[in-house]
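Residue numbers (full-length UniProt numbering), protein chains in the order written: chain A, 1 to 328; chain B, 1 to 328; chain C, 1 to 328; chain D, 1 to 328.
Mixed in with the good hints there might be a few duds.
[Said to hold, decoys possible] Below, in silico cross-link-like pairs of lysine-lysine (DSS-like), each with a Cα-Cα straight-line distance of 30 Å or less:
1. B/145 with C/257
2. A/142 with A/257
3. A/257 with B/142
4. C/285 with B/17
5. B/321 with B/290
6. C/257 with A/257
7. C/145 with D/142
8. D/142 with A/257
9. D/142 with B/142
[Stated by the list, open to error] Ranges of calculated distance between the beta carbons of each label pair, as one might list FRET restraints:
10. B/146 with C/260: 22 to 30 Å
11. C/302 with B/146: 47 to 55 Å
12. C/302 with D/183: 25 to 33 Å
13. C/60 with D/144: 58 to 66 Å
14. A/322 with B/190: 22 to 30 Å
15. C/145 with A/322: 56 to 64 Å
16. A/310 with D/52: 56 to 64 Å
[To be verified] Examples of chain A residues toward chain D, derived with CB under 8 Å:
17. 2
18. 235
19. 247
It should be emphasised that the hints constitute simulated quantities derived from the structure, not laboratory data.
Glycine included, each C-beta is placed from N, C-alpha and C at the ideal position.
Number of protein chains: 4
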Amino acid sequence: MPQRLKIAAAGLGRMGKRHALNFLNRTPRAELVAAFTPDAKEREWAKTNLEPYGVTLYDDYLKMLEHPGLNAVVIGTATTVHAEEAIQAMQKNLHVLCEKPLSTNLDICRQVVAEAKRRPHLKVMCGFSRRFDASYRDAFNKTQKGQIGRGVFVDMSVHDIDLTLWFFGDDIVPKSVSAHGIRAVQPALEKYNDFDNAVGIVEFWGGKIAYYYCSRMMAHGQEDTTEIIGTEGKLSVNCNPQINLVNHYHPEGITRKVPADYYGRFEMAFVQESNEFTEACLENKPLPMKLDNAVKAVEIGAALQEALVTGRQIRFDETGKRQKTSRL
Amino acid sequence: MPQRLKIAAAGLGRMGKRHALNFLNRTPRAELVAAFTPDAKEREWAKTNLEPYGVTLYDDYLKMLEHPGLNAVVIGTATTVHAEEAIQAMQKNLHVLCEKPLSTNLDICRQVVAEAKRRPHLKVMCGFSRRFDASYRDAFNKTQKGQIGRGVFVDMSVHDIDLTLWFFGDDIVPKSVSAHGIRAVQPALEKYNDFDNAVGIVEFWGGKIAYYYCSRMMAHGQEDTTEIIGTEGKLSVNCNPQINLVNHYHPEGITRKVPADYYGRFEMAFVQESNEFTEACLENKPLPMKLDNAVKAVEIGAALQEALVTGRQIRFDETGKRQKTSRL
Amino acid sequence: MPQRLKIAAAGLGRMGKRHALNFLNRTPRAELVAAFTPDAKEREWAKTNLEPYGVTLYDDYLKMLEHPGLNAVVIGTATTVHAEEAIQAMQKNLHVLCEKPLSTNLDICRQVVAEAKRRPHLKVMCGFSRRFDASYRDAFNKTQKGQIGRGVFVDMSVHDIDLTLWFFGDDIVPKSVSAHGIRAVQPALEKYNDFDNAVGIVEFWGGKIAYYYCSRMMAHGQEDTTEIIGTEGKLSVNCNPQINLVNHYHPEGITRKVPADYYGRFEMAFVQESNEFTEACLENKPLPMKLDNAVKAVEIGAALQEALVTGRQIRFDETGKRQKTSRL
Amino acid sequence: MPQRLKIAAAGLGRMGKRHALNFLNRTPRAELVAAFTPDAKEREWAKTNLEPYGVTLYDDYLKMLEHPGLNAVVIGTATTVHAEEAIQAMQKNLHVLCEKPLSTNLDICRQVVAEAKRRPHLKVMCGFSRRFDASYRDAFNKTQKGQIGRGVFVDMSVHDIDLTLWFFGDDIVPKSVSAHGIRAVQPALEKYNDFDNAVGIVEFWGGKIAYYYCSRMMAHGQEDTTEIIGTEGKLSVNCNPQINLVNHYHPEGITRKVPADYYGRFEMAFVQESNEFTEACLENKPLPMKLDNAVKAVEIGAALQEALVTGRQIRFDETGKRQKTSRL
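Required output: the full structure, derived from the provided sequences and hints.
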């Protein structure tokens, strides 16, 4: 049998389980050989769902990295340990697929990137699942073919900052950032300086704008509608959210359901991600996305957060360097 | 025959013609008795399309106001003369339906309102056509019934500032305003300090946010999609723009057409507007919208424009008074 | 003022009222001068809604036809008297717009057509509202331009038999007819030899097929979806029924409403019909549809009904002559 | 490792390849151990795509059945050999998943069923992929919960006869059958007594009707729209065909693409089918669909074909016995 990528899964929480099962069952060229969790309940689950299929269980992350013949790790633990675990895996010469974000701390993000740059033979990817979704890819390909002229404006969810980099180009530099938020349903968020609905605008050098919306109130389910507006046309992704192809006609009208959460919308994108990461590792192909972008996405997110909390416009010069004052 | 409202049309340009014909043909309780235009070409059109149906033509606005038995004027001239003509009509004791905006100058807007307040027996309305559109009315009624909880966020076109006042309530007060713009297709706009794509956010006191988008690049036609997001649900208006109910299935996919312009989308709303204005005049009923809102819409538009050009966040206190600095 | 068509309305039931008001208020070149109803309650309505606007009321149809200066009659009475009233009006030299059907009896239909042929200067039209609907017209125009190749198959409601003649061409000749029905909700219909759901197929000479569906169970409202399938494409009309452009997003999904009845769907088509009939009369232009078609639609309907009740296939030769047996 | 189902694939044509790969890569509890093809080109493909992953290749079907430890066969060969191969596999005590149809000959279909009845410990399934599609399942579940009252009418593609049995119940008995066809684009089909567009109606005992449409002219791609109409509501499946969630807004309108073929629409249903068949075999659970239905679907299809060619209505008594004459 041709070589398969021996991979270990770190973290078996909600998303970690999904990564483990995707590599176990839906990634033909990978072999899930090990899994780590410090959590007793998750270990019980793993004893039933992973161990019988030849997956060795560990309660020590570093020991798992010593698993014989291991090639790669998929990291799906808590955000706070993503970066440290990614660096430890690289130091053991392992490829890394890490859940986003690398870290919410920009300096720590940059350490991961630096470590990865020192080991260019390793494939290190921070997985932004939308990049693997068939609809977003179709939209991206249409923009590349010039079908909407130059894309100059995107309207999307704040979870999609990475999409902006994809659609506008990885070299894009933010110019100014504004944000506003409200506490519509959770007034208690005030003591955490947080909001339950927020919007932000990022203007980029070169004449492009991104608009982000974020809400904790989507009663009808997962939506994630995206618009990419170009000089000669527009693309929309998911402007009619639906869980499947059924419409129910009843005395009150016609109703369709919506996926309850992001995994209902993006399940197949995660499977695609596992397969493409595996192929890149096995065949030493370029990864489908750059690690640097994961830092830039956090950077933009941090600027939006600061603009939101301070009520000031944040500005950057053409090299991306933060400017001291929000005054012109 | 029951009393009909004798009305005169001022201005016979693109929109003025439509108002004149709507009052002539599609407003049963009104009678178009006079029309004014200073333009020779427009007069030629009026000789064929209005005069034969009993409409007296004038090339002097003030003389038209003296037309025997006249009750009301619909003003569809150039924006620069809206306010003056509205005031002159009121001074002749005539009801006024004025195209928006009253003026782009806030002080002049306020003069119109002041004049109207002095003559409370007159019906003076600045027509925002979306308020008369069946879909927006349905959306508004659903919000009034609490079907989406409290509406807290709207996403719409900048032409729709008035809709914000309608959906959030006429007494709402802006708190802070941000805006960003680009020149994507017309770099020459720089010398006019203008943009071809712009976005803005208005945060209101009381925890509500409006997001506006404005573009000169809608290749596919008129869109005007609106979202009203509430604490317990969401309403969208026109998220699938279409000119009629036809879908064309062809080898490249399935295509539907979009109205070419705002009149393709809102024609029936203008007819509804004519009829409701007429009824309010004849039966001394309250107008469907307050004149003050027309001022507030201009005020918010001006703040967006200032934020756009200066790159500063504009702030207001809880009484709506402009604050001096954009600093917190 | 230019000449207007003086028209009288016969019948002020549900549809009659609508015709009367459309000619009174929404047909600028027509003048509703008279109305007839034998019903006391309808007359009360007319006293409030028609008489004050200069409409003379009659309780005798023949007397109404003598109304001074009358040019035309719109007949919206009970189906059983359509034909007789149409003939009487023609005999008084009046143009006639008659609600469909002319009659459910084929011979009587043909008498109306014969009478109309004797008076070619009169405009006599049996109004099939779908022909005046903007969406159907767009679909028709697209087929005429060859955008779906040759149209060879239509799928529609049984109320739409006339549409088949329009899309396939007025000269089309039926070849064979099959139909099946059930009593899903009203078993008592058996004693009337009737059904509450029925489907039928009409094959035409020249290689075209129409499929019709008819149900009394459309819980969600008016639908009237039509498909026109051509050799190189397809057109659909109203495959996503909706009453307006609003979508309501709620915890159970996304819901849109549907018009409650055919008038909710076709109101503007009736207005268009009034205006086009008026123009044809005033300017002696060809009517937008042939009177013969009204007979052919009844003929096809009768064949479907016979096929439904007898369970036999009905056959016609290439001249449209009924064949004796359903055997090949 | 827990027991996995050792399965062999017969036939590596277009659909056979897909079955083989689905069992190899996307059916975790199955192990593709062998594959058979008599075709040299297909064998070349298998040498690259199957053999390296431990799949033994055979050019003799009967020899493949002797593969050590084999539990099951998936048959994706030409229709003419489906039945014989299914019977041979059963005789070797193997579970069988057979592509549809079992045979186009009713007697041969019945032989397969008879053989399967003699060996009740074997799982023998004729795969109708729509039964495994998430949207059809959702529609089915909604009908089971009574959300549209009793389902009484279905409108679907002729490929979907099996769906009728599913939605109306496996015990349903046809009552009468009508069909009509045309040769719209391929007049040469006349010599084969065949048509390129055909429609048929099947009325069932108990008051239910199915309408089927079949065309070789779907220029825009795969459609497979289904409607299930109940006494209190309606369900539609795929009334807005689309290949993904992208809409392209351009100067000609708004366009979405459609899957090019049935596999573009039903790929995941085939994966689901593989997994459910595997689970039923391993755990001796009931199969998700009865083998008898495969015969009944062919029977109804044959009646439609006969009605189409003869122009007669075909009738059955309440036991499903064919009646001699089409007369009442």
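Evaluated hints:
A distance of roughly 16 Å separates the Cα atoms of residue 145 of chain B and residue 257 of chain C; the hinted pair therefore holds under the 30 Å criterion. Only pairs whose Cα atoms come within 30 Å are accepted, and residue 142 of chain A paired with residue 257 of chain A is accepted, the gap being roughly 28 Å. The suggested pairing of residue 257 of chain A with residue 142 of chain B holds, with an alpha-carbon distance near 20 Å, which does not exceed 30 Å. Note on residue 285 of chain C and residue 17 of chain B: the hinted pairing holds, with a Cα-Cα distance of about 27 Å set against a maximum of 30 Å.
Restraint check for residue 321 of chain B and residue 290 of chain B: satisfied, since their Cα atoms lie roughly 21 Å apart, inside the 30 Å limit. The suggested pairing of residue 257 of chain C with residue 257 of chain A holds, with an alpha-carbon distance near 15 Å, which does not exceed 30 Å. Under the criterion of a C-alpha separation no larger than 30 Å, the hint pairing residue 145 of chain C with residue 142 of chain D is inconsistent with the structure, at around 42 Å. At most 30 Å may separate the alpha-carbon atoms for a hinted pair to count; residue 142 of chain D and residue 257 of chain A meet this at roughly 12 Å.
Proximity of residue 142 of chain D to residue 142 of chain B is assessed by CA-CA distance (about 27 Å); at most 30 Å being required, the pair is judged to hold. Here the CB-CB span from residue 146 of chain B to residue 260 of chain C is close to 23 Å, well matched to the stated 22 to 30 Å. Between residue 302 of chain C and residue 146 of chain B the beta carbons are some 52 Å apart, a value that agrees with the proposed interval 47 to 55 Å. For the pair residue 302 of chain C and residue 183 of chain D, the supplied restraint of 25 to 33 Å holds, since their beta-carbon distance comes to about 28 Å.
The hinted window of 58 to 66 Å between residue 60 of chain C and residue 144 of chain D holds, with their beta carbons roughly 60 Å apart. About 25 Å separates the C-beta atoms of residue 322 of chain A and residue 190 of chain B, a value consistent with the hinted range of 22 to 30 Å. Under the hint 56 to 64 Å, the C-beta atoms of residue 145 of chain C and residue 322 of chain A, about 58 Å apart, fit the expected range. In this structure the supplied range 56 to 64 Å holds for residue 310 of chain A paired with residue 52 of chain D, their Cβ-Cβ distance being about 59 Å.
Annotation: residue 2 of chain A was flagged as interfacial toward chain D, and the flag holds, the nearest CB pair being 5 Å apart, inside 8 Å. Taking 8 Å as the C-beta cut-off, the interface hint given for residue 235 of chain A holds, the closest approach to chain D being about 6 Å. With a cut of 8 Å, the hint placing residue 247 of chain A at the interface with chain D holds, because the nearest CB-to-CB distance is about 5 Å.
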